[in-house]
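*Asks:* Per this note's numbering, residue 354 is the first one in the sequence shown, and the count goes up by one each step.
Treat the hints as calculated values from the structure; they're not laboratory data. Fair warning: this is a prediction, and the values are worked out from it, not measured in the lab. For every residue, glycine included, the Cβ atom is placed at its ideal position computed from N, Cα and C. Take the hints with a grain of salt, since some may be wrong.
[What the hints assert, rightly or not] Ranges between beta-carbon positions, derived for each pair:
hint, residue 1, residue 2, range
1, P413, D439, 35 to 45 Å
2, D439, S414, 30 to 40 Å
3, D374, G443, 15 to 25 Å
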Amino acid sequence: MPSDNKIEVSSNAAPAPKAADKILDVARDLFYREGIRAIGVDEIVKRAGVTKPSLYRSFPSKDELAASYLRKYDLEFWERFDEAVDAHPGDPRAQIIAFLTRVGKRTQKPDYRGCGMTNAAGGKP
C-alpha cells in the first residue's frame, strides 16, 4: 500500500550549505564590517545559527577562522585580477586599466570599508 506522507526531493534543489561554509560566510561579513578583534565567536555562532561545537569542529580557534577568512579574501582578490588579465590577453596596459577600473567601482559602493587585508593588519574595522 503506497504511503501518502512521502517527501519528494527535487533534484534541482540546492544543497544546504555546510556549517563551515555558513560560519565562514557570516564571519567574513562581520570581520570585514566590524573588524576581526571586535567580533567574538558568540556573535558569529548566533548570526550563523550554529553552535560553538560546530564552529570549533570546523575551525579549531577564532584565529584559524580569521586566517580562513583572509585566505578566502586573498583568493578572491587574485581571481578578480586574473579575470581582468584574461579579458585582455597580451595587452598589459588594458589588463591594469581593467583591474583598476574594477577596484575603483568597488570603492564607490556604500558598504566599502577598505581592503580587508589592510584592515586586518591594522586592526581596523
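*Asks:* Does 15 to 25 Å hold as the CB distance between D374 and G443, or does it fail?
*Replies:* 37 Å, violated
*Asks:* If I claimed the Cβ atoms of D439 and S414 lie 30 to 40 Å apart, would that claim hold in this structure?
*Replies:* 37 Å, holds
*Asks:* With respect to the beta-carbon atoms only, verify the hint that P413 and D439 lie 35 to 45 Å apart.
*Replies:* 36 Å, holds
Against the hints set out earlier in the document, a violation occurs for number 3 only.
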